[in-house]
Amino acid sequence: MSAADASAKYLALAGSGLRRGLSERSILVGRAVFLGVILFTFSRIWSLIGARDSLPGVGTRELIWYLALTEWVVLGTPPMFLAIERDVRSGDFACRLVRPVSYVGAQVAEAIGESALRMAALAPAGVAGALLLGGGLPADPRGLWLAVPLALLGSLIATLSMTVVGLSAFWVVDTNPCFLVWQKLVFILGGLLFPLEIYPEWLQRIAHATPFPLICWAPGRMALGWDPALALESGLEGLVWLALLSGLIVLVSRRARARLTVAGG
Amino acid sequence: MRIRALLRFAGSLTATNLRASLALRGAFWLQAVLMVVNNVAFFTMWWILFARFHEIGGWRLADLMTLYGVVASGYGFAVVFGGGARRLARAIVDGELDPRLTQPKPVLLHAVASSSIASGWGDVATGVGMLYLAGRLDLANAPLLGLAIAVSALSFVAVTVTFQCLAFWMGDVEQLARQLWELTLNFALYPQPLFAGSLSFVLYTLIPAGFVGFLPVEVVRNPSLHACLYALGGAVLSWAIAVSVFAAGLRRYESGNRFGAIGS
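Quick mapping for you: the protein sequence lines, in order, are chains F and S. Here the first sequence is numbered in our numbering, starting from 18 and rising by one per residue. Here the second sequence is numbered in our numbering, starting from 1068 and rising by one per residue.
Be aware that a few hints might be false.
[Claimed, not checked] Here are a few chain F residues that face chain S, going by a calculated C-beta distance under 8 Å:
(1) Thr58
(2) Arg61
(3) Leu65
(4) Lys201
(5) Phe204
No lab work stands behind these hints: they were computed from the structure. Just so it is clear, CB atoms sit at the ideal spot from N, CA and C, and this is done for glycine as well.
Using the sequences and the hints, build the whole thing.
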């Protein structure tokens, strides 16, 4: 199979994920409403605190844009681990192995397609919410351009790490506990609700040793000021983590297939 | 039906549900422990914020812990003893109320208390832990805490029933009911001063976070006869609405033509 053929297949799968996302409009609406609620709640928190001592040079408006960006990534990434878990439980995983396309690759491609739709749909809601509740653009809005590729990279890192969570179904069957742990790590170490700079230093150091800040903090941080060097550094770090996660997925899926051969589908 | 018989019936349903939850001991503990971890992780956000800012709208960390303690405990007891409320919309749409309609017991009570969610014990444990850390867990406070948690739990169940009963008129509202209910829980876990002004009206009507969180916590934060009466009044009003909506909906209910035992 040539590289062009393989690309066409995965593109078709991404398209199928996108169409599936289109058919679930109520989920999109629910996520947009949730995004609005969380932006509103935190706009109230920051206005009460006054953002006075938060970070030098950073006001309520920047902190709201930070949250809009982090939530955009998290709400825009579908919980694709559920599909893997379902296939493992039902035995469909074994049936899909005979297809001329990698099972994990297909799942990731579909998730990317669905993420593209969700992020495109949530972007106007996030921008409108941040403009309305923050009272305008951040002081230096140029950073928002850098935030977009970093958000896409963050979503891809989230998708790959959720793939590992999904593949854990071969060992634990119910992946929900693993997902909850992963979700909370994104929440805390990723800096989902406010920048890591607000955290105590020891917690910041722990967070930066993990891939979680690349999902939320890296794109969100771009709302706090123009820093192309930091964006480049985060982008490169993100690529390294993508490579590491891909390697981990190959390793885990090999073990899963070996387990399937021994235990049956 | 006499009150005593009704209570005996509710007690039997609860005991059966608890036995069913504990039958899968491993799953029970896993769910409960994970819920504690989940709640503590969420609360980390407040620890980080208060470590830096000390006060938000006149609220300190101990106040937030009290709010979280009351709401988490109330929510936990609501899903442990009234877990069936969250499945009411599905039961209405699928015509699963049929077997309950033939029983000489109140249909709503039967439907609500017919299921228990084990992870609720994790919420109760978190709530109690938070109240302990807030310094509220002592004998002198016990009656007020009991009242606040009971009011919160009762209001949670009533609000869930009301949202789920929309299925009588609108069909499959599982997603909508779930989202309204999540919004209620979400708002109830934040300090009330954040939502002053016209939003307060929404939080006592469309998204009744006031009844499940704001009013009960005031019983403990600022104890007074007024606070107790407001909290109790909120729970009574929530239930009056829930029962009226359910009764009105039941008149429109169409049988699912189901044959079989309850729960089948």
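Results of checking the hints against the structure:
{"no.": "1", "hint": "Thr58", "result": "holds, 6 Å"}
{"no.": "2", "hint": "Arg61", "result": "holds, 4 Å"}
{"no.": "3", "hint": "Leu65", "result": "holds, 4 Å"}
{"no.": "4", "hint": "Lys201", "result": "holds, 4 Å"}
{"no.": "5", "hint": "Phe204", "result": "holds, 6 Å"}
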